[in-house]
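**Q** Here are the chains, one letter per residue:
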Amino acid sequence: MLMSATLAAQPGQKMVSELAVRGSDFPAVLSDYGFFADSAAQKPASGVTPYRLNIPLWSDGADKLRFVYIPPGQQAKAQDEGLLDLPMGSALIKTFKMGGKLIETRVLLHRAEGWVALPYVWDADQREARLTLGGKRIALTGPDGKPLSYAVPNKNQCKECHGVAGAVTPIGPKAYNLAPAWLAALQKAGKLDHVPVVTKRIPLWEERTRADAALAARGYLDVNCAHCHNANGAASNSGLYLGWLERDPIKLGIGKRPVAAGRGSGNLDVDVVPGDAAHSILYFRMASLEGGIAMPELGRAALDPAGLTAVKRWIGEMKR
Amino acid sequence: MRTPTAIIAAVSALALTAPVHAKTIAVAAGEGAQGRLQEALIAAQPGDVVQLGAGRFALTDGLSLDANGVTVRGAGMDGSVLDFSGQQGAGEGLLVTSDDVTLRDFAVENTHGDGIKSKGADNIVYYRIRVAWTGGPKETNGAYGIYPVASTGVLVDGCKVSGASDAGIYVGQSKAITVRYNMVEQSVAGIEIENSRDALVTGNLVTRNTGGILVFDLPNLPVMGGGNTLIADNLVVANDTSNFAPKGNIVAGVPRGTGVMVMANDVVTVRGNTLVDNPTAQVLVVSYPQPFTDKTYNPVPRHVLVDGNTVRGGGNEPQIPGGVQLAAAFGGALPAVVWDGQGAQPAVTGQDSHLLALGLPAEQIGMAEAKPRLIGGSVKVAIAAANPTGAPAALDARAKP
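Those protein sequence lines, which keep their order, are chains A and B.
Numbered according to the numbering used here, the first sequence spans residues 798 to 1117.
Numbered according to the numbering used here, the second sequence spans residues 224 to 624.
In case anyone wonders, no lab produced these hints; they're calculated from the structure.
C-beta: ideal position from N, C-alpha, C; glycine also.
Treat each hint with caution, since some may be false.
To spell it out: a stretch of chain A is covered by chain B in this simulated footprint if at least three of its residues, at any positions, have a beta carbon under 8 Å from a beta carbon of chain B; those stretches are [unchecked claim]:
#1 923–934
#2 951–960
#3 1055–1065
Counterexamples of contact, computed for chain B against chain A with all Cβ distances above 10 Å [unchecked claim]:
#4 Ala281
#5 Gly302
#6 Glu332
#7 Gly336
#8 Gly365
#9 Ala373
#10 Tyr404
#11 Gly471
#12 Gln568
#13 Ile588
#14 Pro615
Simulated crosslink set (BS3-like; lysine-lysine; CA at most 27 Å straight-line) [stated by the list, open to error]:
#15 A:Lys985 x A:Lys874
#16 A:Lys811 x A:Lys840
#17 A:Lys943 x A:Lys894
#18 A:Lys933 x B:Lys246
#19 B:Lys470 x A:Lys1116
#20 A:Lys985 x A:Lys933
#21 A:Lys1109 x B:Lys470
#22 A:Lys943 x A:Lys933
#23 A:Lys1116 x B:Lys518
#24 A:Lys997 x A:Lys1109
#25 A:Lys861 x A:Lys997
#26 A:Lys894 x A:Lys861
Bound-form chain A, shown alone (with noise of 0.2 Å):
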């Protein structure tokens, strides 16, 4: 692609190509951006920022090192306790690696016409990613020690996670999922402007087992299911909204119908069951790998047992 030759950071530089963030091209190869300075080692480039999420997505055991772009001379909005209101030009950066390499590299790119999400695959030499619209399978083998169909999603998938009311819009960097630390590192860097106050914060995944149980598994669910999974979502139509601030009981999926499971049902005959896990369709069906039943519907191909754990606990916890 033309931008290849004429837009891409030069060599030395370790800058973000700014034109390749806002333009209207898809970029054919990752290195067009400029947001590494050492991608083998997913060293970021300047301006550049590494963040984690106290809950991450499960991706099938993959490793997720995720980064924010905000360009020079701008500033992220906090909106209450949600998500960051990243300016145009932000790009936000995530790499999946498995057993010490390399897989894919999407980025989610705020440009004028609003996010672009782009899937970019690792060469086998580990140099360079190449955009894959159209997605791919790939043969690994899962942190379970199995084989794996790794899927990277294609371009309309991207869309289908990260679409509310039909536009792309990032996921994972809201406040209640963020450390309070970073949140004030990045306001004191100039990039954000304020640090929000957050009530209620998804606690972090690696102290789920000493969390309250309703917590842990709220914030995985948020994290796992609430993109999809919300008034304005891919799954609008089921009327089951796992969001960290939903309160009805009912579109918590306690004691709710099914309304188009099909054989996702299992059988069953509601959401969730008070104090019963086993009996519970949300829970089913994280515990399927079959296509038709198993949700999420993209980006699962392993089972999550830490998750079944958290959901379960949370479960079997609840009042029958």
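The hints should help you fit chain B onto chain A, whose structure is shown.
**A** Just chain B now, with coordinates in the frame of chain A:
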């Protein structure tokens, strides 16, 4: 008669509405079909046609289309087959999330979840599409064949579905809907209109399903208050397949042998259909049978008119509690129209105009409490007929040979 000038003007106007650079993207069956077809669906711009070649496309993952105004066209519902037998992921075969899309002349087979789903996809046309689970009725088949949801403007025309473990053609949480000239067999529900308004269901053949045509309204959903639906001039014949829906789904409660079933809803007209040999009931009008807490939901049927249908046989093996004894009491078969007794009494006119009211004292009460009674000859209650306009007329142009 139109003058040549008028015709030229009309043709020019048509040309102006099509994008200037509309193109056809051809995709052949064969090696790498998954990636090539998905990339074509991503590359397509408004006005473009993604043309599927003849043959069988072996697919491993769900496909999706998110560009407005695109047509996906095959070489006929038996000519171009998207075969999802080897599908590994996604909840459906093809997902459409954009407006003004036309899907025509191809088949989708053996998806693990739904066949084709379109969500928030306004003014969509499904024309001469075939969706099939080729192993016959099985609980492990996908739920819906053709599944438009949360959309305004839906036309499903000339399609064929078989083997859906829920509904062959399911339209949910939508409005301005026409479902016509389709054929659905060996599914749990033939055609289901759920939590939707202004639907016209006409000229379809539904046979060998568990239930033929269902009009339902369910609680706890973002769109409720279904109604103004007209079920007219359909052939509803021998829907006698045992219910094979996975338990937990609302259709798992549909009795085998139901012709037309109306649950909750306001203003539904069942008119001019030919109802033949549906062994539970030709027409069943009921309230929502489950407990619910949603205060905004109305669980009973209102303003249901059953008018001028042609009825033959049926009602002879009613799969409702106490059905055998009831049928015997009526000389071997129930009357054509059966109502649970909740909500407003339906009006029944025309041939076989008796109404069997089961006389349930409240919703969610079992048949042990029933006080069945026959109401008739012609059950004249003043009820205005449904008068839906159906899908916008502009969609007709995309549903032509």
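**Q** Is it true that the CA of A:Lys985 sits at most 27 Å from the CA of A:Lys874?
**A** holds (13 Å)
**Q** Taking the minimum C-beta separation from B:Pro615 to chain A, is that value above 10 Å?
**A** Non-interface label on B:Pro615 holds, nearest chain A Cβ at 20 Å vs cutoff 10 Å.
**Q** Checking the smallest CB distance to chain A, is B:Tyr404 really beyond 10 Å?
**A** holds (25 Å)
**Q** Quick one, are A:Lys861 and A:Lys997 close enough, alpha carbons at most 27 Å?
**A** The given pair, whose Cα atoms are some 25 Å apart, holds under the 27 Å limit.
**Q** Given the proposed pairing of A:Lys943 with A:Lys894, does the C-alpha separation stay at or below 27 Å?
**A** Distance ~17 Å between A:Lys943 and A:Lys894 Cα, so the pair holds.
**Q** Taking C-beta pairs only, is B:Gly302 more than 10 Å away from all of chain A?
**A** holds (24 Å)
**Q** Apply the coverage criterion to the region 1055–1065 of chain A and chain B: a residue qualifies when its Cβ sits closer than 8 Å to a Cβ of the chain, and three qualifying residues are needed.
**A** Contact hint for the region 1055–1065 of chain A vs chain B: holds, 11 residues under 8 Å.
**Q** Does B:Ile588 clear chain A by more than 10 Å, comparing its Cβ with all Cβ atoms of that chain?
**A** Label holds. Min Cβ-Cβ 19 Å, cutoff 10 Å.
**Q** If you draw a straight line from the CA of A:Lys1116 to the CA of B:Lys518, is it 27 Å or shorter?
**A** Holds. A:Lys1116 to B:Lys518 sits at ~24 Å (cutoff 27 Å).
**Q** Is the Cβ of B:Gly336 farther than 10 Å from every Cβ of chain A?
**A** violated (3 Å)
**Q** Quick check: the region 951–960 of chain A, covered by chain B? Criterion 3+ residues, Cβ under 8 Å.
**A** Contact hint for the region 951–960 of chain A vs chain B: holds, 7 residues under 8 Å.
**Q** Is the Cβ of B:Gly471 farther than 10 Å from every Cβ of chain A?
**A** violated (3 Å)
Of the hints listed earlier, those the structure fails to meet are numbers 7, 8, 9, 11, 20, in rising order.
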